[in-house]
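First to last, the sequence lines map onto chains S and A.
The opening residue of the first sequence carries number 2 in the working numbering; numbering runs sequentially from there.
The opening residue of the second sequence carries number 527 in the working numbering; numbering runs sequentially from there.
Mixed in with the good hints, there may be bad ones.
[Claimed, not checked] Partial pick of chain S residues on the chain A-facing surface, computed with a CB cut under 7 Å:
1. Phe19
2. Phe136
3. Val138
4. Gly140
5. Asn235
6. Ile246
7. Ala249
[Stated by the list, open to error] Quick partial rundown of chain A residues pointing at chain S, CB under 10 Å, derived from the structure:
8. Ser716
9. Gln720
10. Tyr722
11. Met761
12. Thr763
13. Pro802
[Stated by the list, open to error] Restraint ranges, calculated between C-beta atoms of paired labels, are given here:
14. Lys225/S x Arg732/A: 40 to 48 Å
15. Thr127/S x Tyr722/A: 39 to 47 Å
16. Arg739/A x Ile183/S: 27 to 35 Å
17. Asp34/S x Ala747/A: 39 to 47 Å
18. Ala263/S x Val653/A: 55 to 63 Å
19. Arg8/S x Ile663/A: 14 to 22 Å
20. Asp126/S x Glu719/A: 47 to 55 Å
21. Lys220/S x Trp659/A: 53 to 61 Å
22. Gln211/S x Ser557/A: 56 to 64 Å
23. Arg9/S x Gln720/A: 27 to 35 Å
By construction, these hints were calculated from the structure, which means they are not laboratory data.
All residues carry an ideal CB built from backbone N, CA and C; glycine is no exception.
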Amino acid sequence: MFGFIFRRILTTIPVMGFVALFVFSLLYIAPGDPAAVIAGDQATPEDVAKIRAGLGLDRPFLVRFAEWFFRVMQGDLGTSIFTGLPVSQMIAQRIEPTLSLMVVTLFIAIFVAIPMGVVAAWKCDTWIDRVVMSFAVLGFSVPVFVIGYLLAYAFALQLDWLPVQGYRPIKNGVWPWFENLILPAVTLGFVYIALIARITRASMLEVLQQDYIRTARAKGVSQKSILFLHALKNAAIPIVTVIGIGVALLIGGAVVTESVFAIPGLGRLTVDAILRRDYPIIQGVVLMFSFVYVLINLLVDVLYTLLDPRIRY
Amino acid sequence: MRDNLARPLTEQDVVVARELPDILEPKKRRSGLVGFAFRHPAIAVGGGVLLIMFLIALLAPLLGTVDPSAIAPSKRTRAPSADFWFGSDMLGRDIYSRVMYGARVSLTVGFGVAFFASLIGLVIGLVSGMVRWSDGIIMRVIDGMMSIPPILLAIALMALTRGSMGNVILAITIAEAPRVARLVRGVVLSLREQPYVDAAIAAGTRMPKLIFRHILPNMLAPIIVQATYICASAMITESILSFIGAGIPPSTPSWGNIMAEGRSLWQVKPFIIFFPAIFLSLTVLAVNLLGDGLRDALDPRMAKRI
């Protein structure tokens, strides 16, 4: 077990190395002068010359990559063009809202989507199933910001139940924090719920056909415990996998959701950086999110062995 | 039970089957386009809506539109009316015209990305699946690329270049192609185990013929299905990129950047966002329906799984 976890952690190291190499080389693959890209639009020729000297373009690519990677490992992601602050410091300042949003979304999505999928599989080919599946297709088709504006228009502007925009830090009280996160989290969770519900339904349908379910039914186990104890546990692997993979959707969606709801998180940081053409920030954010994503999928792999003791690597 | 068997059979115990007609009427099956639509409603509805969007994109100049970038500062942010069917934006441009012309961008990006990502993914996946020594390297690179959330990868690529339709297509293609490559590799690996492929190899079939004659035809169905999903997701990614200002510049109207421009006014003038949002969602929905329908029609085994 621990041997497996250790080996699995070892295999993520080359993947992370490739991510870093890829993110680093983007700057050089793209057409144009990398120094000009980093310097941004308002840079003077002197600024560009200074950055070019700093990049050390005369030295071999792999040497530069190794130096850069070594700095990244020490937490140095470079300096923002616009503010002159270290990128890692700017990311650290913005991490709380984004983390809150994603955690709340994750919880809402899992608690809504899994029962939805289970019920859809149980009531397969009835109107309940069809409603759930239509919702899933709709969730994939409506862009996240459209859902955001619709929800904000209905529940904040018209009904006035929840705040329209903004973010309150959790240290100022849990309820104000949560109240501000409900609409953004539901918005962001929409696609995610659709994805998880769909996989849950498919996975449950497969498990419900198996013999031991019929046996359980025959010996009089109640419907509820057949669905949620007997079947769900065996249907869990694809569901956990898709929860892990779907985090990519959450990360992408967070960028947009934060602009719709004026949440000062990493997404806002990214959008502002795009408008100011502040490339070091974008590079830092992409790198950080990718590492988080790799770690989450590592966690999912480790969870497999807990969920299904038959899995041995 | 035993008592019943003990007594002799009477006439009521014998059940006679209903008499069948000499010839069973064949089940009526509609033919032609109507029949196809009845058998595959998802393909019919999705394809139909998509066809309408194509016609809108193609015939945009003929649909009662005006110049989509003609500004009229005196007629800013008008609500929908007989003059401005979908209202006007903060520069006084006609939103109806912009939405009609915007169909061109979404469809070009969606189908462009679907085509290029499928093509690139197909080539990489085939190489990875057929050339054994390259598999390890290619899959590590693909794992690395797939560890970057696709929207972020597209954002990073767009931050490096100028906003234009070509660059948007390129950026989303790079973000989506690894997915296709992995799918193709998986299918190749399973096809390679098939007895008929072994037979072809044993009969001395060369690699090019093996690929084009035996592997590719069996790959077509999953790739077409995957391409429709990529098309849908590319349209959404384009609108997100344009929405956050990393996509197509406002001089070319796209559904994403019309909404981006309506963003600051959404609380007072929601119609600026409403109309492009409806068109975008409807189009993506149509493509997704088409994908689901094609999946069910082309590969019934896959349909059962998802």
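Here is what the structure says about each hint:
1. About 3 Å separates the beta-carbon of Phe19/S from the nearest beta-carbon of chain A, less than 7 Å, and the hint is met.
2. A hinted interface residue such as Phe136/S counts as satisfied when its beta carbon comes closer than 7 Å to some beta carbon of chain A; here the least separation is about 12 Å, so the hint is violated.
3. Evaluation of the Val138/S hint against chain A yields a held restraint, the C-beta minimum of about 6 Å falling below 7 Å.
4. The interface hint given for Gly140/S is broken, as the beta carbon of that residue sits about 10 Å from the closest beta carbon of chain A, more than 7 Å.
5. A distance limit of 7 Å between C-beta atoms decides the matter here; for Asn235/S the minimum to chain A is near 16 Å, and the interface restraint is violated.
6. The restraint placing Ile246/S at the interface with chain A is violated, with a minimum CB-CB distance near 9 Å, outside the 7 Å limit.
7. At its closest, the beta carbon of Ala249/S sits 4 Å from a beta carbon of chain A; the interface hint therefore holds under the 7 Å criterion.
8. Interface hint status for Ser716/A: violated, as the beta-carbon distance to the closest one in chain S is roughly 18 Å, over 10 Å.
9. Because the smallest distance between the Cβ of Gln720/A and any Cβ of chain S comes to about 24 Å, over 10 Å, the interface hint for this residue is violated.
10. The restraint placing Tyr722/A at the interface with chain S is violated, with a minimum CB-CB distance near 28 Å, outside the 10 Å limit.
11. Evaluation of the Met761/A hint against chain S yields a held restraint, the C-beta minimum of about 9 Å falling below 10 Å.
12. At about 8 Å, the closest approach between the beta carbon of Thr763/A and any beta carbon in chain S falls short of 10 Å, and the interface hint on this residue holds.
13. About 9 Å separates the beta-carbon of Pro802/A from the nearest beta-carbon of chain S, less than 10 Å, and the hint is met.
14. A C-beta distance of roughly 60 Å is found between Lys225/S and Arg732/A, which places it outside the suggested range of 40 to 48 Å.
15. Checked against the given bound of 39 to 47 Å, the beta carbons of Thr127/S and Tyr722/A, roughly 41 Å apart, stay inside it.
16. At roughly 57 Å, the beta-carbon separation of Arg739/A and Ile183/S lies outside the given 27 to 35 Å, and the hint is violated.
17. The given range of 39 to 47 Å is respected by Asp34/S and Ala747/A, whose C-beta atoms sit roughly 45 Å from each other.
18. At roughly 47 Å, the beta-carbon separation of Ala263/S and Val653/A lies outside the given 55 to 63 Å, and the hint is violated.
19. At about 21 Å, the beta-carbon gap between Arg8/S and Ile663/A stays in the expected band of 14 to 22 Å.
20. Restraint check, Asp126/S to Glu719/A: a C-beta distance of roughly 34 Å breaks the suggested window 47 to 55 Å.
21. For Lys220/S and Trp659/A, the hinted distance range of 53 to 61 Å is satisfied, since their beta carbons lie about 54 Å from each other.
22. About 40 Å separates the C-beta atoms of Gln211/S and Ser557/A, a value inconsistent with the hinted range of 56 to 64 Å.
23. Look at Arg9/S against Gln720/A: about 32 Å separates their beta carbons, and that is inside 27 to 35 Å.
The structure is inconsistent with the numbered hints 2, 4, 5, 6, 8, 9, 10, 14, 16, 18, 20 and 22, although it conforms to all the rest.
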